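Novice: Given the structure of chain A, go ahead and fit chain B onto it with the hints provided.
Protein chains: 2
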Amino acid sequence: MLHPADPAFAALLAARLPPGRVRTPEPRHLEEPRGRWHGQGGCLALPRSTAEVATIVAACAAARVGIVPWGGGTGLVGGQVAGPGPAPVILSLERMTAVRGIWPAENVLIVEAGATLADVQAAAEGAGRRFPLSLASEGSATIGGNLATNAGGTAVLRYGNARDLCLGVEAVLADGSVLHGLKRLRKDNTGYDLRHLLIGSEGTLGIITAAALRLVPPPAAEGAALMVVPGPAAALDLLALAQGRLAGLVTGFELMHRTGLEFLAQTMPDIRQPFAVPPEWFVLVDLGLPEGLDPAAALEGLYAAAAEQGLVGDGLIASSAAQRSAFWALREAIPLANRKVGAVSSHDISLPLSAIAGFIPRATAALAELGDWRINCFGHLGDGNLHFNVFPAPGRTRAAHDHQRAAVMACVYDLVHAMGGSISAEHGVGRLKAGDLERYGDPARLAAMRAIKAALDPCGILNPGAVLRNAGGDICEG
Amino acid sequence: MLHPADPAFAALLAARLPPGRVRTPEPRHLEEPRGRWHGQGGCLALPRSTAEVATIVAACAAARVGIVPWGGGTGLVGGQVAGPGPAPVILSLERMTAVRGIWPAENVLIVEAGATLADVQAAAEGAGRRFPLSLASEGSATIGGNLATNAGGTAVLRYGNARDLCLGVEAVLADGSVLHGLKRLRKDNTGYDLRHLLIGSEGTLGIITAAALRLVPPPAAEGAALMVVPGPAAALDLLALAQGRLAGLVTGFELMHRTGLEFLAQTMPDIRQPFAVPPEWFVLVDLGLPEGLDPAAALEGLYAAAAEQGLVGDGLIASSAAQRSAFWALREAIPLANRKVGAVSSHDISLPLSAIAGFIPRATAALAELGDWRINCFGHLGDGNLHFNVFPAPGRTRAAHDHQRAAVMACVYDLVHAMGGSISAEHGVGRLKAGDLERYGDPARLAAMRAIKAALDPCGILNPGAVLRNAGGDICEG
Numbered sequence: 001m002l003h004p005a006d007p008a009f010a011a012l013l014a015a016r017l018p019p020g021r022v023r024t025p026e027p028r029h030l031e032e033p034r035g036r037w038h039g040q041g042g043c044l045a046l047p048r049s050t051a052e053v054a055t056i057v058a059a060c061a062a063a064r065v066g067i068v069p070w071g072g073g074t075g076l077v078g079g080q081v082a083g084p085g086p087a088p089v090i091l092s093l094e095r096m097t098a099v100r101g102i103w104p105a106e107n108v109l110i111v112e113a114g115a116t117l118a119d120v121q122a123a124a125e126g127a128g129r130r131f132p133l134s135l136a137s138e139g140s141a142t143i144g145g146n147l148a149t150n151a152g153g154t155a156v157l158r159y160g161n162a163r164d165l166c167l168g169v170e171a172v173l174a175d176g177s178v179l180h181g182l183k184r185l186r187k188d189n190t191g192y193d194l195r196h197l198l199i200g201s202e203g204t205l206g207i208i209t210a211a212a213l214r215l216v217p218p219p220a221a222e223g224a225a226l227m228v229v230p231g232p233a234a235a236l237d238l239l240a241l242a243q244g245r246l247a248g249l250v251t252g253f254e255l256m257h258r259t260g261l262e263f264l265a266q267t268m269p270d271i272r273q274p275f276a277v278p279p280e281w282f283v284l285v286d287l288g289l290p291e292g293l294d295p296a297a298a299l300e301g302l303y304a305a306a307a308e309q310g311l312v313g314d315g316l317i318a319s320s321a322a323q324r325s326a327f328w329a330l331r332e333a334i335p336l337a338n339r340k341v342g343a344v345s346s347h348d349i350s351l352p353l354s355a356i357a358g359f360i361p362r363a364t365a366a367l368a369e370l371g372d373w374r375i376n377c378f379g380h381l382g383d384g385n386l387h388f389n390v391f392p393a394p395g396r397t398r399a400a401h402d403h404q405r406a407a408v409m410a411c412v413y414d415l416v417h418a419m420g421g422s423i424s425a426e427h428g429v430g431r432l433k434a435g436d437l438e439r440y441g442d443p444a445r446l447a448a449m450r451a452i453k454a455a456l457d458p459c460g461i462l463n464p465g466a467v468l469r470n471a472g473g474d475i476c477e478g
Numbered sequence: 001m002l003h004p005a006d007p008a009f010a011a012l013l014a015a016r017l018p019p020g021r022v023r024t025p026e027p028r029h030l031e032e033p034r035g036r037w038h039g040q041g042g043c044l045a046l047p048r049s050t051a052e053v054a055t056i057v058a059a060c061a062a063a064r065v066g067i068v069p070w071g072g073g074t075g076l077v078g079g080q081v082a083g084p085g086p087a088p089v090i091l092s093l094e095r096m097t098a099v100r101g102i103w104p105a106e107n108v109l110i111v112e113a114g115a116t117l118a119d120v121q122a123a124a125e126g127a128g129r130r131f132p133l134s135l136a137s138e139g140s141a142t143i144g145g146n147l148a149t150n151a152g153g154t155a156v157l158r159y160g161n162a163r164d165l166c167l168g169v170e171a172v173l174a175d176g177s178v179l180h181g182l183k184r185l186r187k188d189n190t191g192y193d194l195r196h197l198l199i200g201s202e203g204t205l206g207i208i209t210a211a212a213l214r215l216v217p218p219p220a221a222e223g224a225a226l227m228v229v230p231g232p233a234a235a236l237d238l239l240a241l242a243q244g245r246l247a248g249l250v251t252g253f254e255l256m257h258r259t260g261l262e263f264l265a266q267t268m269p270d271i272r273q274p275f276a277v278p279p280e281w282f283v284l285v286d287l288g289l290p291e292g293l294d295p296a297a298a299l300e301g302l303y304a305a306a307a308e309q310g311l312v313g314d315g316l317i318a319s320s321a322a323q324r325s326a327f328w329a330l331r332e333a334i335p336l337a338n339r340k341v342g343a344v345s346s347h348d349i350s351l352p353l354s355a356i357a358g359f360i361p362r363a364t365a366a367l368a369e370l371g372d373w374r375i376n377c378f379g380h381l382g383d384g385n386l387h388f389n390v391f392p393a394p395g396r397t398r399a400a401h402d403h404q405r406a407a408v409m410a411c412v413y414d415l416v417h418a419m420g421g422s423i424s425a426e427h428g429v430g431r432l433k434a435g436d437l438e439r440y441g442d443p444a445r446l447a448a449m450r451a452i453k454a455a456l457d458p459c460g461i462l463n464p465g466a467v468l469r470n471a472g473g474d475i476c477e478g
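If you read the protein sequences in the order shown, they are chains A and B.
For the first sequence, the UniProt record's numbering begins at 1 and goes up steadily by one.
For the second sequence, the UniProt record's numbering begins at 1 and goes up steadily by one.
Isolated chain A (complex conformation) (with noise of 0.2 Å):
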């Protein structure tokens, strides 16, 4: 069982760390993007270095308190809001933001957890370089979040998950000590693989205090464009035959549906629309090319190989970069007219490609039975990942059908499963899906889980209630 961190506590931890970084947690840290739940905190940790996030730690551990590791407060599964149970310390990253070293011609950069993936992106750029995660809250949201929950983003179906563009990990484990792993590497068969271990455990297994990063040379030239398309069938055909002309050089593919563009219409009214019809389907094709290939003659060259399949309708390719990043600005744009409009339900789902097809319509019947909505789906189509997102019917609120969440969830989550796909895509577990990934996961796998939590985390003090519910405690005399 664990202890609240009350001021008792909070008082220990101050007097074991240089003034000021024991303080009371402000609202930003109890909060999240959806307003779904409020969190709780006895104390907040503002640690400057590595060696401070180790003396919290281990403080934490031997007074069995919970610790709620803090990056940008961006995830939208709860990871980072406490739930009930003893209030635990809020442990923010936010003043560990340097860049530790970056060394362009490796392609490599070290930095500290709490900065924000824009200032990776800038210190990247401002060497020649570029770090390719990017995301919608990229502004605010950390490396260190970025990695504790192997962020996705547009580009993955270039880069990777956030995952795949980090080389090594410094993490302070669960008894307080401290990880060195920040090996500028591309290859190193030394033993288990802990980097990827913590990447995605969500803070339940250590807290990843720096990270070294892989970094990319940008494109000589990038260029995009809007494609109509039947329907997500020809979307994926077109997909094929991007990556098929085009190998390794589609940075970017994204799937749009109408319903987005009139929630943008309806909340955002100053975006210009790109359709004078606005289609039923459409997709966002981006390119990063070499030097010796043009983006605009790529893009031509792709439509009309896909005019002639009847893979398109309507396109519009960007004629600059001010164009470029309208299209982007666009598709960005939809998470917010989504969260302006209110959503029953948001499912950050995965399929495997060739389910997709069939999963929409599927999931649309399923769901009309259980009511009158309207759905936005749209994402991240080159990987999989659908944002498969049920709204009211015009004019009824969220909390009208707040009686129905659980049973629209269930529903897409069904179908999700039994069509070989993922509940969590991108967002994660956090605490949101904790009980989902009880009924959906693989036993072996979740046993082997709560396995490798008891033998990280004994006491369970590392953001208790996330992924894992009700792990470890057990075995841990306290």
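What the hints contain is simulated information worked out from the structure, not anything from laboratory work.
A few of these clues could be false.
Simulated restraints, written as ranges between beta carbons of each label pair [stated by the list, open to error]: (1) A/Gln-273 - B/Ala-220: 30 to 38 Å; (2) B/Met-268 - A/Ala-122: 51 to 59 Å; (3) A/Gly-101 - B/Asp-270: 44 to 52 Å; (4) A/Ala-276 - B/Gly-101: 38 to 46 Å; (5) B/Gly-358 - A/Glu-222: 29 to 37 Å; (6) A/Pro-361 - B/Gly-101: 20 to 28 Å.
Since we're looking at a predicted model, the values are computed, not measured.
Built from N, CA and C at the ideal position, the CB exists for glycine as well.
Specialist: Relative to the frame of chain A, chain B by itself:
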């Protein structure tokens, strides 16, 4: 303490399996390519299904009998040959070779662990795709072994190590339970990444029985060149130049040394030498390009730009697929020539890219204090991975230096460690480097590895003695 796989246990195992599954090990199951160790096995198990693997592991767990998983037997660190102690079951996956499915539109293939890498490549090729893992022993190495050791090879620069090409695994865990993880998904953030934990764990945490693999579309055109460079520093500048011009399209970048050409001339005189006067250092640059780019033109452009910066001397651009193959055959013959000459000690190391040019002369100088050697330094420069192999002076045999072998290894590894490198870039730890891992490994990392091993294999039956010495068993009543 483990028990031997004695005749009584072999009989018990045979009784639980269909006929023909339990045999006496053949000599090939007890050997390894460099002839340094001879293994032992109480019996050989040849399962034909995952369920049979589970039966075998469950029986071993109940009887506390060790298991040495066996793939193609090509490992170079003794991971596949049991050391002293109770004779284990040798569990060979050689009869589990089925391609369970191939989805070209998804770029996914699911195959059983005992298929050779060459078979997997051929299956992909047959579907118009490519499985881009490529290494010298691909004709006999199995995909299960490739994953268990996170194999590298010649295309890591572009496509990553074995782990980067695996979407999911099916594996039998130490209690005989089956982990069902063959998802065909690019994104799946539902909890701890056990796939990455099992990959590279060398059969000590579970036995991979099948894998979902990532395929890629073949490039529209491919080409290669040999370029003479003034030295490793210039080679690295050439690499950066190539990547800047052709971001993401450089498939391989291999460094070779004159010693390699000399060994080839001596041991394999039929191989045609590419240069009239063997250069001290040269690189093999391999490109895979999309439609619209010509490999010869791209390589000529690269050569011209490099020559302007003084990075290259002589150069040969392949004018045909056959010539490209000949360049690669030359590269791949070097390890064979090395084996014929007979190394005192071979070192599969990696370094931060910017440390490489400094490492080579420093290591050479340090070794010169121990004796008179020939060094063949070559390898996957694009990955920072050198095979830094030490040979006797002409006229002397490796046996004459046996007493110095440990000192030679320590000399190289001490410097690698001091310069932030890895003592095993791609070959793994096995039994050869288990002691080195203790010596050079981060203490917190080793402690976490031991905790994970104890949690997932409490009796230490899985590949006992590999990676971690004396792991498991202490908390297991047997």
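Novice: Look at each hint and say if it fits the structure.
Specialist: Do the hints match the structure? See the list:
1. A/Gln-273 - B/Ala-220: 30 to 38 Å: Given about 36 Å between the Cβ atoms, the range holds.
2. B/Met-268 - A/Ala-122: 51 to 59 Å: holds, 52 Å
3. A/Gly-101 - B/Asp-270: 44 to 52 Å: Given range 44 to 52 Å: holds, Cβ gap about 48 Å.
4. A/Ala-276 - B/Gly-101: 38 to 46 Å: Given a distance of about 44 Å, which is inside 38 to 46 Å, the answer is holds.
5. B/Gly-358 - A/Glu-222: 29 to 37 Å: Hint holds: Cβ distance 36 Å, inside 29 to 37 Å.
6. A/Pro-361 - B/Gly-101: 20 to 28 Å: holds, 24 Å
Of the hints listed earlier, there is not a single one the structure fails to meet.
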